[in-house]
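For reference, the chains in residue letters:
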Amino acid sequence: MFERFTQAARRAVVLAQEDARERRQAQIRTENLLLGLYDAPATPESTAAALLRRAGVERADLAVEITRLPRGEGTLDAEKLALLGIDLDAVRRQAEETFGPGALDRTRAGKQRRMFGHIPFDDASKKALELSLREALRLKHKEIGSEHVLLGLLHAEGGARDLLAARGVTLDGMRTAVEELGRGEASG
Amino acid sequence: MTDATAVAAAASSKDPHVGLAAVAALRALQESLEELQVGNARSQGWSWAQIAGVLQVSKQAVHKKYRRLGY
Numbered sequence: 001m002f003e004r005f006t007q008a009a010r011r012a013v014v015l016a017q018e019d020a021r022e023r024r025q026a027q028i029r030t031e032n033l034l035l036g037l038y039d040a041p042a043t044p045e046s047t048a049a050a051l052l053r054r055a056g057v058e059r060a061d062l063a064v065e066i067t068r069l070p071r072g073e074g075t076l077d078a079e080k081l082a083l084l085g086i087d088l089d090a091v092r093r094q095a096e097e098t099f100g101p102g103a104l105d106r107t108r109a110g111k112q113r114r115m116f117g118h119i120p121f122d123d124a125s126k127k128a129l130e131l132s133l134r135e136a137l138r139l140k141h142k143e144i145g146s147e148h149v150l151l152g153l154l155h156a157e158g159g160a161r162d163l164l165a166a167r168g169v170t171l172d173g174m175r176t177a178v179e180e181l182g183r184g185e186a187s188g
Numbered sequence: 001m002t003d004a005t006a007v008a009a010a011a012s013s014k015d016p017h018v019g020l021a022a023v024a025a026l027r028a029l030q031e032s033l034e035e036l037q038v039g040n041a042r043s044q045g046w047s048w049a050q051i052a053g054v055l056q057v058s059k060q061a062v063h064k065k066y067r068r069l070g071y
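If you read the protein sequences in the order shown, they are chains A and B.
Throughout the first sequence, residue numbering follows this note's numbering, covering 1 to 188 in sequence.
Throughout the second sequence, residue numbering follows this note's numbering, covering 1 to 71 in sequence.
Hints are computed from structural coordinates only; laboratory data are not their basis.
Any given hint could turn out to be false.
[Unchecked claim] No more than 30 Å apart at the CA atoms, straight line, and that leaves these computed lysine-lysine pairs for DSSO-like: (1) Lys142(A) to Lys65(B); (2) Lys111(A) to Lys126(A); (3) Lys65(B) to Lys140(A); (4) Lys126(A) to Lys140(A); (5) Lys127(A) to Lys111(A); (6) Lys140(A) to Lys59(B).
[Said to hold, decoys possible] Going by beta-carbon spacing under 10 Å, a handful of chain A positions derived as facing chain B: (7) Ile86; (8) Ala95; (9) Arg106; (10) Gln112; (11) Lys127.
Keep in mind that this is a model prediction, so the values were computed, not measured.
Yeah, the Cβ is synthetic: ideal placement off N, Cα and C, and Gly gets one too.
Take these sequences, add in the hints, and give me the full structure.
Here you go:
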């Protein structure tokens, strides 16, 4: 589903996964995508980051609040294995030294469990990404940029929408802001 | 890893849910490592019989399990 995503939007998704991993979450949540939008580089920042900055929403402020949110269901496989005295990071490192980067992820068991580093999207973030496509179509934009992902996050139910709503950012308001970007600014 | 180890130390090993989930994760890891090793052996020209011998399983079992994956 990421074929039509711009570089910045793709980067935001990758960064969301990294953020989820650092927070030791079992799934990627909309809040992680929101932070990813800030960190995705474009020229010099992603379109979504610029829109959020103009709306007065600060990354640092969001990050602090996200840290306070409950981590959600599920325990990482790394933690389960640690219980047995097995260091999954060490096993992964060993496997990659011998068989190349992402070796464990490529195996059938690795894919089925998505355990070895890959973190799946939760339902809300999946929905938000689907809606980002719909938002782009609605605006008759050919590519899905970070601004459309931002609209998707505002459209779908989830932590990101709640955080933004608490800061006065609404779907309608942001849709207008994206439309006003108009033809002058490239999507990114 | 120190974080995860701390989590492990804090968890109760008498809780069946925790213990069973850990074993399930281990099984998945074992499957993954086995697939890597079987694929490597095949790419080095090992026969299914040779692989089965070292893995200490039947030739039929290893062949049936991995043939479909294109090894």
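Structure-based check of each hint:
1. Lys142(A) to Lys65(B): With a Cα-Cα distance of about 44 Å, the restraint between Lys142(A) and Lys65(B) is violated, given a limit of 30 Å.
2. Lys111(A) to Lys126(A): holds (18 Å)
3. Lys65(B) to Lys140(A): violated (48 Å)
4. Lys126(A) to Lys140(A): Within the cut-off at roughly 22 Å; holds.
5. Lys127(A) to Lys111(A): Distance of about 22 Å is within 30 Å: holds.
6. Lys140(A) to Lys59(B): violated (58 Å)
7. Ile86: With a minimum Cβ separation of about 7 Å from chain B (threshold 10 Å), the hint on Ile86(A) holds.
8. Ala95: holds (6 Å)
9. Arg106: holds (8 Å)
10. Gln112: With Cβ-Cβ at 7 Å, under 10 Å, it holds.
11. Lys127: violated (27 Å)
Violated hints for the displayed structure, listed by number in ascending order: 1, 3, 6 and 11.
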